[in-house]
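2 protein chains.
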Amino acid sequence: MDREIEQPQNEGREPKRVSRRDVLKMGAVGGIGLLLGATGLKGLSLLDEPKPASAKPAPAAGTIPFYGAHQGGIVTPMQDYVCMGAFDFTTTSLETVRKLFKQWTDASARIAAGEGVADESGNALVPPADTGETIGLLPVRTTLTFGLGASFFDDRFGLAGKRPKALADIPAFKRDELVPEWSHGDVIVQVCANDPQVAFHAIRNLARIARGKAVLRWMQQGYQRSGLADPKGATPRNLLGFKDGTNNPAVGDADVAGEIVWAKGADGAPWMDGGSYMAVRRIRMRIEVWDRTTLGEQEATFGRHRDSGAPLGQAGEFDKADYAKTGKNGKPIIPADSHMALASMGGKVKIHRRGYSYSNGIDLRTGQLDAGLLFICFNRDPREQFIPMQEKLAASDRLNEYIQHVGSGIYAVLPGVREGGYIGDTLL
Amino acid sequence: MDREIEQPQNEGREPKRVSRRDVLKMGAVGGIGLLLGATGLKGLSLLDEPKPASAKPAPAAGTIPFYGAHQGGIVTPMQDYVCMGAFDFTTTSLETVRKLFKQWTDASARIAAGEGVADESGNALVPPADTGETIGLLPVRTTLTFGLGASFFDDRFGLAGKRPKALADIPAFKRDELVPEWSHGDVIVQVCANDPQVAFHAIRNLARIARGKAVLRWMQQGYQRSGLADPKGATPRNLLGFKDGTNNPAVGDADVAGEIVWAKGADGAPWMDGGSYMAVRRIRMRIEVWDRTTLGEQEATFGRHRDSGAPLGQAGEFDKADYAKTGKNGKPIIPADSHMALASMGGKVKIHRRGYSYSNGIDLRTGQLDAGLLFICFNRDPREQFIPMQEKLAASDRLNEYIQHVGSGIYAVLPGVREGGYIGDTLL
Numbered sequence: 001m002d003r004e005i006e007q008p009q010n011e012g013r014e015p016k017r018v019s020r021r022d023v024l025k026m027g028a029v030g031g032i033g034l035l036l037g038a039t040g041l042k043g044l045s046l047l048d049e050p051k052p053a054s055a056k057p058a059p060a061a062g063t064i065p066f067y068g069a070h071q072g073g074i075v076t077p078m079q080d081y082v083c084m085g086a087f088d089f090t091t092t093s094l095e096t097v098r099k100l101f102k103q104w105t106d107a108s109a110r111i112a113a114g115e116g117v118a119d120e121s122g123n124a125l126v127p128p129a130d131t132g133e134t135i136g137l138l139p140v141r142t143t144l145t146f147g148l149g150a151s152f153f154d155d156r157f158g159l160a161g162k163r164p165k166a167l168a169d170i171p172a173f174k175r176d177e178l179v180p181e182w183s184h185g186d187v188i189v190q191v192c193a194n195d196p197q198v199a200f201h202a203i204r205n206l207a208r209i210a211r212g213k214a215v216l217r218w219m220q221q222g223y224q225r226s227g228l229a230d231p232k233g234a235t236p237r238n239l240l241g242f243k244d245g246t247n248n249p250a251v252g253d254a255d256v257a258g259e260i261v262w263a264k265g266a267d268g269a270p271w272m273d274g275g276s277y278m279a280v281r282r283i284r285m286r287i288e289v290w291d292r293t294t295l296g297e298q299e300a301t302f303g304r305h306r307d308s309g310a311p312l313g314q315a316g317e318f319d320k321a322d323y324a325k326t327g328k329n330g331k332p333i334i335p336a337d338s339h340m341a342l343a344s345m346g347g348k349v350k351i352h353r354r355g356y357s358y359s360n361g362i363d364l365r366t367g368q369l370d371a372g373l374l375f376i377c378f379n380r381d382p383r384e385q386f387i388p389m390q391e392k393l394a395a396s397d398r399l400n401e402y403i404q405h406v407g408s409g410i411y412a413v414l415p416g417v418r419e420g421g422y423i424g425d426t427l428l
Numbered sequence: 001m002d003r004e005i006e007q008p009q010n011e012g013r014e015p016k017r018v019s020r021r022d023v024l025k026m027g028a029v030g031g032i033g034l035l036l037g038a039t040g041l042k043g044l045s046l047l048d049e050p051k052p053a054s055a056k057p058a059p060a061a062g063t064i065p066f067y068g069a070h071q072g073g074i075v076t077p078m079q080d081y082v083c084m085g086a087f088d089f090t091t092t093s094l095e096t097v098r099k100l101f102k103q104w105t106d107a108s109a110r111i112a113a114g115e116g117v118a119d120e121s122g123n124a125l126v127p128p129a130d131t132g133e134t135i136g137l138l139p140v141r142t143t144l145t146f147g148l149g150a151s152f153f154d155d156r157f158g159l160a161g162k163r164p165k166a167l168a169d170i171p172a173f174k175r176d177e178l179v180p181e182w183s184h185g186d187v188i189v190q191v192c193a194n195d196p197q198v199a200f201h202a203i204r205n206l207a208r209i210a211r212g213k214a215v216l217r218w219m220q221q222g223y224q225r226s227g228l229a230d231p232k233g234a235t236p237r238n239l240l241g242f243k244d245g246t247n248n249p250a251v252g253d254a255d256v257a258g259e260i261v262w263a264k265g266a267d268g269a270p271w272m273d274g275g276s277y278m279a280v281r282r283i284r285m286r287i288e289v290w291d292r293t294t295l296g297e298q299e300a301t302f303g304r305h306r307d308s309g310a311p312l313g314q315a316g317e318f319d320k321a322d323y324a325k326t327g328k329n330g331k332p333i334i335p336a337d338s339h340m341a342l343a344s345m346g347g348k349v350k351i352h353r354r355g356y357s358y359s360n361g362i363d364l365r366t367g368q369l370d371a372g373l374l375f376i377c378f379n380r381d382p383r384e385q386f387i388p389m390q391e392k393l394a395a396s397d398r399l400n401e402y403i404q405h406v407g408s409g410i411y412a413v414l415p416g417v418r419e420g421g422y423i424g425d426t427l428l
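From first to last, the protein sequence lines stand for chains A and B. Mapped onto the UniProt record's numbering, the consecutive letters of the first sequence carry residue numbers 1 to 428. Mapped onto the UniProt record's numbering, the consecutive letters of the second sequence carry residue numbers 1 to 428.
Honestly, the hints are just simulated from the structure, not real lab data. Possibly wrong hints are sitting among the right ones.
Claimed, not checked - Quick partial rundown of chain A residues pointing at chain B, CB under 8 Å, derived from the structure:
| # | residue |
| --- | --- |
| 1 | SER226 |
| 2 | ARG237 |
| 3 | ASP273 |
Unchecked claim - Per the computed footprint, the stretches of chain A lying under chain B, defined by three or more beta-carbons under 8 Å from a beta-carbon of chain B, are:
| # | stretch |
| --- | --- |
| 4 | 134-144 |
| 5 | 153-163 |
| 6 | 182-196 |
| 7 | 295-301 |
| 8 | 330-343 |
Predicted model, so just to flag it, every value in this text is computed and none were measured. We treat Cβ as the ideally placed atom computed from N, Cα and C, and that holds for glycine.
Turn these sequences into a full structure, and let the hints steer you where they fit.
Right, dumping it as structure tokens:
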């Protein structure tokens with residue numbers, strides 16, 4: 001295909017092109033507008049020949065190829081929607097698992113390209129190959145990211161000896177109120193896309209392909225503000241109204257990603273070289289309590305000003321936080337137990353956050369909104385990054401009064417799949 | 001404000017403009033692209049002065065004003081997302097209800113304009129006026145549509161005598177498996193927008209304003225494919241993979257809307273003049289069963305070809321269905337019990353459908369996907385339109401094997417609010 005593509009393994013390094021043919025394929029002015037509009041290719045005049053826009057991702061409706069050195073959906077600039085599905089195997093045959101991963105690989109590459117999971121025969125006597133709800137839709141930057149949970153390495157498949165040390169069991173953090181049905185799973189699939197129907201379609205069809213081999217354990221969709229509502233792409237706000245992600249490391253830089261995100265495979269799991277570790281936490285927000293809290297307490301809780309996102313005592317969102325600065329009362333302006341102060345970890349420990357808001361209607365037990373953050377982060381080694389950070393937050397974070405961790409999982413996110421290979425082939 | 005606006009009460013009649021200043025306000029090329037792209041203003045050259053595009057709605061990120069002869073969100077061309085919230089009053093004071101409706105009116109007008117629900121004082125000692133998650137986001141064609149359930153006319157507020165006859169109790173349809181917690185409510189608010197975070201924000205803030213007066217009874221979000229994924233705006237597909245809405249009446253035509261949608265207030269409820277009646281059905285789809293069904297059975301169930309959306313035996317989506325045409329076996333090509341054949345009601349009964357897909361993760365009781373259709377329709381008099389149609393479908397629809405009606409409500413959707421007035425002022 002000649003469609004302009006985003007190379008997830010090279011993001012932030014290679015200049016990208018919008019091909020003329022692609023623009024023409026979009027057809028009407030409306031299409032061109034969308035193609036350009038939502039990508040932020042602001043230097044591209046509408047009359048010019050298309051030209052490189054440095055370090056810009058694929059168009060908002062375009063394609064991110066499934067195959068590459070790393071999986072997409074990790075350092076890929078965030079799409080607007082997520083559908084996260086965790087599967088448990090019902091088979092105990094490793095050969096069946098291998099076969100499923102091959103089937104999932106083919107289906108995923110097609111989904112990422114905006115196609116159905118397989119060619120349709122048109123035979124009226126058999127079920128369609130694809131469930132059909134995305135027929136005619138553009139690829140909308142869909143990525144599928146596969147990871148293995150700790151339970152995958154139990155005694156079913158004979159792989160206990162291959163479990164990476166970095167795939168550590170998440171300790172029971174203080175205040176955890178975990179629900180098993182919203183946690184863990186043998187395999188996780190994170191689907192991100194700029195359309196929620198497209199993301200849902202992917203998990204649904206992977207579940208369908210897995211019939212008789214694996215079942216969905218949990219599924220959660222999420223969103224952040226769309227590129228349409230925020231064409232300038234400011235830092236998104238969480239459902240507590242605060243900007244979330246300001247201090248994310250610049251993983252578009254390969255050196256930064258290498259330091260923070262990519263597993264090196266050096267700790268006895270060479271098959272994880274080029275993979276990553278993903279922690280997922282379903283964090284329910286006590287919306288109704290938060291909404292009754294004063295602005296001052298809200299800002300002290302995050303350590304930031306709500307409207308500007310600036311660290312307390314500063315003017316701009318990206319101004320450096322001054323944790324030593326004290327106010328008239330002699331206390332630090334940024335409270336030591338604020339979320340930002342604790343999560344900064346003295347600048348020594350970093351993770352790459354990639355979370356989405358979720359809202360599931362009313363919790364019938366309490367009559368309150370079931371809404372919050374599907375926290376997702378990637379790191380090279382959770383024992384050195386996510387776990388110590390979360391331990392610190394769980395112990396002291398002022399935000400804990402307003403949140404509740406109800407789901408949890410940690411997964412070994414596989415290296416990228418080369419064309420002709422399949423998901424997990426370095427392990428299986 | 002000079003922002004180009006869509007007049008919901010005049011849609012399909014008045015030519016609309018994109019103001020030059022508005023285009024400039026959008027700033028970058030990206031913004032213009034978005035503005036034009038997602039609206040489908042295909043006749044508008046990028047170099048021309050803006051000029052009228054007949055019968056086109058507001059830009060995808062633009063504003064639909066809250067005030068008007070009719071409420072928005074009824075004949076308004078569909079936005080991409082819905083957040084539907086049903087409230088029950090905890091007060092029994094009509095004066096308190098009136099006060100709440102006035103507060104909701106002010107908040108709704110501001111939300112539709114892309115603003116917070118009230119001006120922020122910046123006072124650190126009080127909670128913020130707005131919950132903040134939409135700060136900086138564009139209005140994205142947000143509409144808020146208020147309706148009253150039958151329970152509003154019980155003995156609490158002394159309004160039993162004002163209940164419109166057309167606000168009939170929905171009969172218990174054959175096969176209904178209704179869950180009370182997903183049905184009814186004193187007041188319904190349908191929020192539609194081209195961004196799900198914006199839609200959620202609206203219901204959340206209305207609930208917050210209602211504290212001590214009303215509580216959320218149920219809330220359900222929904223989506224259809226986004227304008228980004230489908231810039232040409234084809235008929236959306238439901239989660240069974242079929243196009244849904246092909247035969248919707250052209251309510252952009254005021255005569256059609258007058259005949260099908262707008263209540264006349266002639267049946268003893270003059271306060272409903274210019275309002276409408278909304279039926280909401282939460283229709284769960286037995287996804288896993290459907291996905292094992294042959295293409296032939298799927299197409300016979302809907303009466304349409306899956307890929308093209310054409311009536312069986314025809315080539316184009318909008319070709320006329322021929323219910324008399326028989327196949328080699330002497331039977332009608334479009335089965336008499338197909339969804340389309342039954343819902344057509346001999347061409348005599350029409351409703352205006354405006355539904356969204358929903359998916360709520362896994363149903364923990366069954367391990368299956370909790371997904372389906374949030375069916376929403378508007379009609380002038382449900383006794384003559386929605387109810388007889390649904391009775392016929394409930395009795396015989398071949399689709400019933402694959403769906404389950406689990407939520408239900410019918411609501412008197414109030415007339416539009418004139419500036420200076422408030423929601424429900426013709427009744428209260």
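*asked:* Hint ARG237 of chain A vs chain B: min CB-CB distance below 8 Å?
replied: With a closest approach of 5 Å, the ARG237 of chain A hint holds.
*Using Cβ atoms only, decide whether SER226 of chain A comes closer than 8 Å to chain B, and label the hint accordingly.*
5 Å, holds
*Residue count check for the stretch 153-163 of chain A against chain B: does it reach three with CB-CB under 8 Å?*
Check failed, 0 qualifying residues.
*Has the stretch 182-196 of chain A got at least three residues whose CB is nearer than 8 Å to a CB belonging to chain B?*
Since 3 is at least three, the answer is holds.
_Coverage criterion applied to the stretch 295-301 of chain A (partner chain B; beta-carbon cut 8 Å; 3 residues)_ = Holds: 4 residues of the stretch 295-301 of chain A have a Cβ under 8 Å from chain B.
_Please check whether ASP273 of chain A passes as an interface residue: C-beta within 8 Å of a C-beta belonging to chain B._
Nearest chain B Cβ about 34 Å off; hint violated.
_Is the listed coverage of the stretch 330-343 of chain A by chain B valid when you require three or more residues with a beta carbon under 8 Å from a beta carbon of that chain?_
violated (count 0)
*Has the stretch 134-144 of chain A got at least three residues whose CB is nearer than 8 Å to a CB belonging to chain B?*
holds (count 6)
The structure is inconsistent with the numbered hints 3, 5 and 8, although it conforms to all the rest.
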